[in-house]
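Student: These protein sequences, in sequence, are chains A and B. Position 190 of the first sequence, counted from 1, bears residue number 190 in the numbering used here, the numbering being contiguous throughout. Position 85 of the second sequence, counted from 1, bears residue number 1085 in the numbering used here, the numbering being contiguous throughout.
So the derived label-pair ranges between C-beta atoms look like this:
id	chain 1	residue 1	chain 2	residue 2	range
1	A	E262	B	K1037	29 to 35 Å
2	B	P1076	A	Y268	15 to 21 Å
3	B	M1001	A	E265	42 to 48 Å
4	A	N246	B	K1061	54 to 60 Å
5	B	E1051	A	A137	45 to 51 Å
6	B	N1159	A	N246	47 to 53 Å
7	B	K1037	A	N246	46 to 52 Å
8	B	S1112	A	E260	35 to 41 Å
9	B	E1147	A	D239	54 to 60 Å
10	A	D282	B	V1174	33 to 39 Å
11	A	N175	B	G1165	44 to 50 Å
Non-contacting residues of chain B with respect to chain A, defined by C-beta distances greater than 10 Å in every case (computed):
id	residue
12	N1003
13	L1019
14	T1036
15	D1050
16	E1087
17	R1111
18	E1129
19	N1134
20	E1145
21	A1152
22	V1154
23	E1155
24	D1172
25	V1174
No lab work stands behind these hints, which were simulated from the structure alone. Values in this document were obtained by computation on a predicted structure and should not be read as measured data. Backbone N, C-alpha and C fix where the C-beta goes; we use that ideal spot for every residue, glycine too.
Chain by chain, the residues run as shown.
2 protein chains.
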Amino acid sequence: MFNNLTIVGVGLISGSFALALKDKGFVKHVIGVSRTKASEQKALDLGLIDEALPLEEAVKKADLIYVAIPVDATVPMMQKIMDMVTEKQIVVDAGSTKAVLCAALKDHPMRSRFVATHPMWGTEYSGPEAAVHNAFAGRACVICEKEKSDAAAVEIIENIYRALGMNIVYMDAVNHDVHAAYISHISHITSFALANTVLEKEKEEDAIFELAGGGFESTVRLAKSSPAMWAPIFMQNRDNVLDVLNEHISQLRKFKACLEKENMEYLYELMENANKIRRVLDR
Amino acid sequence: MFNNLTIVGVGLISGSFALALKDKGFVKHVIGVSRTKASEQKALDLGLIDEALPLEEAVKKADLIYVAIPVDATVPMMQKIMDMVTEKQIVVDAGSTKAVLCAALKDHPMRSRFVATHPMWGTEYSGPEAAVHNAFAGRACVICEKEKSDAAAVEIIENIYRALGMNIVYMDAVNHDVHAAYISHISHITSFALANTVLEKEKEEDAIFELAGGGFESTVRLAKSSPAMWAPIFMQNRDNVLDVLNEHISQLRKFKACLEKENMEYLYELMENANKIRRVLDR
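Just chain A, same shape as in the assembly (with noise of 0.2 Å):
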């Protein structure tokens, strides 16, 4: 479909981006764009990458350029790539946050040949040896602004996506910001306390290794996730965030009420309101 993909940042989800379009025959040639010698050489051992080159000639060379680096860092960088871009390119981001980059690009002469997208697949890893074949599957891909893209652009997009087994949406940049805090943001921050919080009072590490099980180690998960990649989603996503944890620890309290008054039938309440989550697990 391609000849050339370039991937800035050589990470896990732009690696994983790039196997799956080489895995595909999507693309010939990947071109890495990183920040370090040491993640370009890496990329190119792992095979995520063909060839590493500065951003400039990097952009210059490919049809396709798609950038997966901290969300803080996107904003400036895209501005720069699409100085550059020509009508023949097309620019995609794969960012959890949407408003402030989409309103960053929004008077952009060339804002037709950016698709904002936000690929909903993730692992708790990150860097190169992060990135990992058939990856994406299953998962939702959310498109935002779709009619500020060029129609051609998105529907190439679209189909990559739908190869590799991801089902599209559609939303506003604020709207998505506002549903990622929910589906994805708030998660990562009350496993990040939760670690906090087992850390900080069982001093006695040895019993946490000793009887971690599986419902332990699924809520704690994500708090292995990277802080350079996390701390700014949750600055640029700011109110959302917040919002979404003051509700959280409202949630808490009533925990916490029901306990100190031993109010075992409004515990039973909050409990089976809970599982009303099943109607999303389930499906």
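Since the structure of chain A is provided, determine the placement of chain B on it from the hints.
Tutor: Relative to the frame of chain A, chain B by itself:
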């Protein structure tokens, strides 16, 4: 090893235990005791038990009696069983709390026939249908107050759990409950509360359906757990659970303060500290 195993309660844990002992050839005949005819029939249909009997007959006929019912029902049930038991029988419970039960039985004339255990395995499902083959493997099993149980009885029970692939950990009952609050009970509370948060705030339920990914699923999975099983656990381990819950709320407030004050440095620090949980999870 035994002729007759009686399971009191025919659900996730007791059913999986019965299947495991049958699979290993440790027991010839399994008798089930249940509060409801429907569960008895289900357990018979699923092959978890060979026979359903009223409590008294079931205890009389058993070599080993395995009790896995909600922890508030366990205390009176156990007292009833211990009053019937002979020097040739062994009684084991599998409850998630240990202090209240061990205190209740500590002066029972047959105390030495009782082995207090907590196999740290489970899923978010409950009832006879939730029982599975090959459960328990790779997890810890806590045995409490080993010294109060007959040494030969303890050895038999240890050998059974070890044969199922479990790692035996010894603890006094009070310590067990402290650790269980950190390692298991708080994970369940945060999951229940997170489910309520999302269900409360996210009125567009379709958005959850479409967007919910792996991270969300892993943090709210435990919210599907049975209130009948978990409410009594939280209540019986109230002081410890409240202690951890207060710490968790205060950890969440630190994230809130970082966001409110846009304190990126402290946010990083909190997340980097949370990353230390890798030591526990990636062992």
